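Number of protein chains: 2
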Amino acid sequence: MDERIRAYVLSHRDQALRDLERLCNQPSVSAQHLGLEECALLAKAMLEEAGFTVRLFSVPGGAPVVYAEQRGRSPRAVLIYDHYDVQPPEPLELWQSSPFTLTIRDGRAYGRGVSDDKGCFAARLNAVKAWRAVYGVLPCTVRWVLEGEEEIGSPHLGGWVAEHRELLQAEGCIWEGGGVNWAGHPTITLGLKGIAYVELVARGGNRDVHSSYGAVVPNPAWRLVWALSTIKGPGERVRIRGFYDRVRRPTRQEREALRLLPEEDQHLAESLGLKLFVKGVRGYAFRRRLYFEPSCSICGIVGGYTGPGTKTIVPAEARAKVDFRLVPDQRPEEVVALLREHLRTHGFGDIEVVEHPGGSAPARTPLDSPWVRLVAECARDAYGTTPVLVPTMPGSGPMCYFTGLGLPVAMAAGTGHPDNRIHAPNENIRLEDYEKAILHMASVLEALGR
Amino acid sequence: MDERIRAYVLSHRDQALRDLERLCNQPSVSAQHLGLEECALLAKAMLEEAGFTVRLFSVPGGAPVVYAEQRGRSPRAVLIYDHYDVQPPEPLELWQSSPFTLTIRDGRAYGRGVSDDKGCFAARLNAVKAWRAVYGVLPCTVRWVLEGEEEIGSPHLGGWVAEHRELLQAEGCIWEGGGVNWAGHPTITLGLKGIAYVELVARGGNRDVHSSYGAVVPNPAWRLVWALSTIKGPGERVRIRGFYDRVRRPTRQEREALRLLPEEDQHLAESLGLKLFVKGVRGYAFRRRLYFEPSCSICGIVGGYTGPGTKTIVPAEARAKVDFRLVPDQRPEEVVALLREHLRTHGFGDIEVVEHPGGSAPARTPLDSPWVRLVAECARDAYGTTPVLVPTMPGSGPMCYFTGLGLPVAMAAGTGHPDNRIHAPNENIRLEDYEKAILHMASVLEALGR
Numbered sequence: 388m389d390e391r392i393r394a395y396v397l398s399h400r401d402q403a404l405r406d407l408e409r410l411c412n413q414p415s416v417s418a419q420h421l422g423l424e425e426c427a428l429l430a431k432a433m434l435e436e437a438g439f440t441v442r443l444f445s446v447p448g449g450a451p452v453v454y455a456e457q458r459g460r461s462p463r464a465v466l467i468y469d470h471y472d473v474q475p476p477e478p479l480e481l482w483q484s485s486p487f488t489l490t491i492r493d494g495r496a497y498g499r500g501v502s503d504d505k506g507c508f509a510a511r512l513n514a515v516k517a518w519r520a521v522y523g524v525l526p527c528t529v530r531w532v533l534e535g536e537e538e539i540g541s542p543h544l545g546g547w548v549a550e551h552r553e554l555l556q557a558e559g560c561i562w563e564g565g566g567v568n569w570a571g572h573p574t575i576t577l578g579l580k581g582i583a584y585v586e587l588v589a590r591g592g593n594r595d596v597h598s599s600y601g602a603v604v605p606n607p608a609w610r611l612v613w614a615l616s617t618i619k620g621p622g623e624r625v626r627i628r629g630f631y632d633r634v635r636r637p638t639r640q641e642r643e644a645l646r647l648l649p650e651e652d653q654h655l656a657e658s659l660g661l662k663l664f665v666k667g668v669r670g671y672a673f674r675r676r677l678y679f680e681p682s683c684s685i686c687g688i689v690g691g692y693t694g695p696g697t698k699t700i701v702p703a704e705a706r707a708k709v710d711f712r713l714v715p716d717q718r719p720e721e722v723v724a725l726l727r728e729h730l731r732t733h734g735f736g737d738i739e740v741v742e743h744p745g746g747s748a749p750a751r752t753p754l755d756s757p758w759v760r761l762v763a764e765c766a767r768d769a770y771g772t773t774p775v776l777v778p779t780m781p782g783s784g785p786m787c788y789f790t791g792l793g794l795p796v797a798m799a800a801g802t803g804h805p806d807n808r809i810h811a812p813n814e815n816i817r818l819e820d821y822e823k824a825i826l827h828m829a830s831v832l833e834a835l836g837r
Numbered sequence: 388m389d390e391r392i393r394a395y396v397l398s399h400r401d402q403a404l405r406d407l408e409r410l411c412n413q414p415s416v417s418a419q420h421l422g423l424e425e426c427a428l429l430a431k432a433m434l435e436e437a438g439f440t441v442r443l444f445s446v447p448g449g450a451p452v453v454y455a456e457q458r459g460r461s462p463r464a465v466l467i468y469d470h471y472d473v474q475p476p477e478p479l480e481l482w483q484s485s486p487f488t489l490t491i492r493d494g495r496a497y498g499r500g501v502s503d504d505k506g507c508f509a510a511r512l513n514a515v516k517a518w519r520a521v522y523g524v525l526p527c528t529v530r531w532v533l534e535g536e537e538e539i540g541s542p543h544l545g546g547w548v549a550e551h552r553e554l555l556q557a558e559g560c561i562w563e564g565g566g567v568n569w570a571g572h573p574t575i576t577l578g579l580k581g582i583a584y585v586e587l588v589a590r591g592g593n594r595d596v597h598s599s600y601g602a603v604v605p606n607p608a609w610r611l612v613w614a615l616s617t618i619k620g621p622g623e624r625v626r627i628r629g630f631y632d633r634v635r636r637p638t639r640q641e642r643e644a645l646r647l648l649p650e651e652d653q654h655l656a657e658s659l660g661l662k663l664f665v666k667g668v669r670g671y672a673f674r675r676r677l678y679f680e681p682s683c684s685i686c687g688i689v690g691g692y693t694g695p696g697t698k699t700i701v702p703a704e705a706r707a708k709v710d711f712r713l714v715p716d717q718r719p720e721e722v723v724a725l726l727r728e729h730l731r732t733h734g735f736g737d738i739e740v741v742e743h744p745g746g747s748a749p750a751r752t753p754l755d756s757p758w759v760r761l762v763a764e765c766a767r768d769a770y771g772t773t774p775v776l777v778p779t780m781p782g783s784g785p786m787c788y789f790t791g792l793g794l795p796v797a798m799a800a801g802t803g804h805p806d807n808r809i810h811a812p813n814e815n816i817r818l819e820d821y822e823k824a825i826l827h828m829a830s831v832l833e834a835l836g837r
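Chain order of the listed sequences is A and B. So for the first sequence, the working numbering puts the first residue at 388; every next one is plus one. So for the second sequence, the working numbering puts the first residue at 388; every next one is plus one.
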C-alpha cells in the first residue's frame, strides 16, 4: 500500500486514540434511550472535521440516522455501515475501569462499545483522515451510514434505507465488525442469517382452575406442547410445509471456505459443559449446520405455576417465544405465514401467533464477487497475511437491507478479536488491531481510486 | 330420630354457635405456621369438656395430631376425621368482616375455616354434647382424629396412621366435609382421587447461549416439549405403558349414582368462558371423565426468557410441573416409576424426574357398604329428604390412609353448601346447614348404638 499513508497512520496513533476516546466517553445506550442524540451529534461533528458533508435524519420514535458523504478523486464509491449505539454497560461492578471512560492498559483499550462498534467507526474515520492529511483529497468517494438502533434490532433502518436508496450508491459496502481470528488472520465475513421471532399463545379458561378438573378442562400448556412438537421433533428438522423450499444450497466455494475455517466445536462444547451437539455433529458437519442450516429455537416458554413446590392448577394460558434463523433465500414474513398455515392445518388454529417486529432477511454476498476480491487483497496488504473468507455468520442483523439494494457487503476492516468481550463487562480492543483496521480501510480507499 | 336429642339440638343453637366461635376466632394457618399449637390445645380442651380422653401427638417438623376417644353404651365405634388447620385468609381486603372473628349475618356465619373444616368439627362435637346432656352417656364409642396439616397436603398423617392403627378401630369413618347440594339434598361422598406430583427437568448447556447457536446447541425446552408430548397427545390418553392397568372399572351402582348427579358442566363452562371441554364431553360423559378417569395435567412449565419482548437464547434449563390424578387401584409410587421407565425407553433418560412429597393413593368406599347404608338412612332421618350418593370427588386427600385400614369412609354430616366459598374470602356456612350436620351426626351415633 501507499507508503506515505502507512507512515502517517503509524505516526499518528495518539490522534487516532483521541478520536476513539471522544466516541467511547459519550454514552449511547439504545436499550436505555441514553445519549443517542448526543452521540449522533458527536459523530456528525467528527465526520465534518474529516471533510464529510453530513445529514442527520431524525427517525420518528427512534434514534437519528447519520449520513455522510465525501467525494474523492475517483467517482468510484464505497459505502460504510456502522452504528453509534452500544449495549448497556451493566453489570457495572464487573468492570475494572469505568465503561464510559476509555482506559488503556496492557496494549488494549477498554470501554463499552470500543469494539462494537465505535472502534470500527473511529478506525475507518482515521483512514479517511490519513488520506486527507497526506494528499488533501480521498482517492475515491466515501458514503457512510451510521444508525443508533443496531443493538435493539435496527427497527427503523429498513424503512430509512428504502426511502434513501439514491444516497447509497457504491461498488460495495464495508460492514461493521471484522478483525482477526485467534490465529491472527484477518476475517472477511460475507453474510448473516435472517430471523423471524414469534410468540405462540395458547389459551384455556378465563382463569386458572384447580387441577382436579384436569380430566375435563382444556389445558393450554398441553396444547402448546403438542403444537410445538408438530413444528420440530427430535429429528431436529422443521416440519412446517414449505419451510425449506427456498433454502439455497451453498456453493462449492462456500463449502470449501467453510472447510478451511478453524475448528470451534470442541472449545464450545467444553465451555458449555456439553458432551454432544445436536445430532452429534462435529468439525465440518458442526459448521455446516451452524452456518448453512436454518434453525428453530424455543427461546422461552411459560405457563401456570412456576414457583417453588407444588400448585395444582390447569393454567389459563401458556406462551412460547420461538425464533427461526433463516438462510438464503428464506423470507421471514413467508416463514411466519407458513407457520400460521401449519398450525391451522394441524388443528392448532386456536393458538395465536404474535409476530415480533425486528425480523430480518438473510444476507449473503458471493465469495467470487469482485468486491470480495478487492477487500481480500487489501487485507493481505494491510495485515501482511492471508485473510480468511467466512461465507456467513450464524447471527442476524440488518445487512439484508443493503444486499437488497444489490450491494456486495463485506464485514472487514474492523477492530475485532475473539477476546473482545463484546456485550460483556471489560469490552476491549487490542491497539494493534485498531491500527490494522485503519490500514485496511486506507488500502480499500486506495484500491478503489485506482 | 330420638326426639329428646332433636329437641335439645334445636334449643341449644347458641351454645353450638359459641363453640364454632371459639374455634374460628383462633387462627390456625398451616401454610403460615400460624397458631397451630394453640388451636390443637383448644380442640383438646373442647373435646375434654365434652367427655373425651384426649392425647396430643407431636409430629416432628409438623403440627400435632389430636386423638380423642369416648366410650359409649355400645362398643360399636365410629371414627371421625377432621382437621383444625385452615387456608390463609389472604386477600384480606376482600373480606366483609374480619376472617378470624366469627360474624353472623343473614343466616350465615362468616370466618376463615368456618366451612373447611371447623364447622364440621364443631357440629359433630355438639352432637356428642347433646347425647351427653340428655342421656349422660353416648350410645356408641367415638374415636376422633384431628390433624393440623390437611391444607398443606397432610405430609405426616400417613406415617402417624400407620403407627397408630390400634387407635383407629371402628365400623366406619365420617370424613371431613359433607353437607347439601344446590337442591338442598344431603350428599354422601365416598371417595377421592389419588395424586402424584412430579417435576420434569431438562438440562442443556451450563448457561443460556445466544440462539444463533440454535442449530447446534441442544435446547432443553425442545427436549421437554418432546418428552411431554410422548406422555400425552391431543387424544388425551396417557401414553405411559401400564398407566391404565390398575384402573378399576366403576361398578354398575357407581355409574348409576353418577348418572343421578346434577348437571354441572354447563355452569362450569360459562364460568370459565369455555366453549368445549376436553373431547367435547357433556352431561354424563363429562362426569364420567371428571370422576372416574385418571388425568395428567401440566400445572406449570418454564424455561428460558419469559419477560416482555424478545430475547434470543437457547435456554440452559426447562422445567414442567405435572400432576397425575389417580383412580382406584392406581398407586402414585408405581405411576412415577412407570413414568421414569417411559422416559428412559422413549430416549429421554436425560430428563430428571423430581417427585414431590404429598402424593396420595385413590380411595373409594363401595356404595353398597353397610356403613354407607347406615349413614344414608341417618341423613334421611336428619334432613327429611333423600341423600345423594356421590361415588367420588375429583380432588385428592388423605382418605387413602383410612380406607387402607379397611375402614369404609363417608364424607357426610358436614356443614357444606356449594356457596360456602371455601379457600376464598368470605368463607361461610348457613346456620341451617350447621344444625342439620349436628342432627345427622347425632343420628349416626344413635344408629350405631342400636
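Please keep in mind that the hints were generated in silico from the structure rather than gathered at the bench. Check each hint, because a few of them may be wrong.
If chains are identical, the list can't say which one is meant, so a pair holds when it fits in one copy or spans any two.
Stated by the list, open to error - Pairs of lysine to aspartate or glutamate residues, derived as EDC-like cross-links and limited to a Cα-Cα distance of at most 16 Å, are as follows: (1) 666 to 424; (2) 698 to 742; (3) 662 to 728; (4) 698 to 538; (5) 431 to 456; (6) 662 to 652.
Just so we're clear, the structure is a prediction, and the values are computed from it rather than from any experiment.
Hints, verified against the model:
In this assembly of identical chains, the alpha carbons of residue 666 and residue 424 never lie at most 16 Å apart, being 47 Å within a copy and 58 Å across copies at closest. Taking CA atoms no more than 16 Å apart as the test, residue 698 paired with residue 742 passes between copies only; the shortest distance there is 14 Å, against 31 Å inside one copy. Proximity of residue 662 and residue 728 under a CA criterion of 16 Å is satisfied in neither setting, with 37 Å inside one chain copy and 23 Å between copies. With identical chains, the CA atoms of residue 698 and residue 538 are at most 16 Å apart between copies only, with a shortest distance of 12 Å across copies and 39 Å within one.
Only within a single protomer do residue 431 and residue 456 lie at most 16 Å apart by alpha-carbon distance; the minimum there is 11 Å, versus 91 Å between protomers. In this homomeric assembly, residue 662 and residue 652 come within 16 Å of each other (Cα to Cα) only inside a single copy, at 11 Å, whereas the closest approach across copies is 51 Å.
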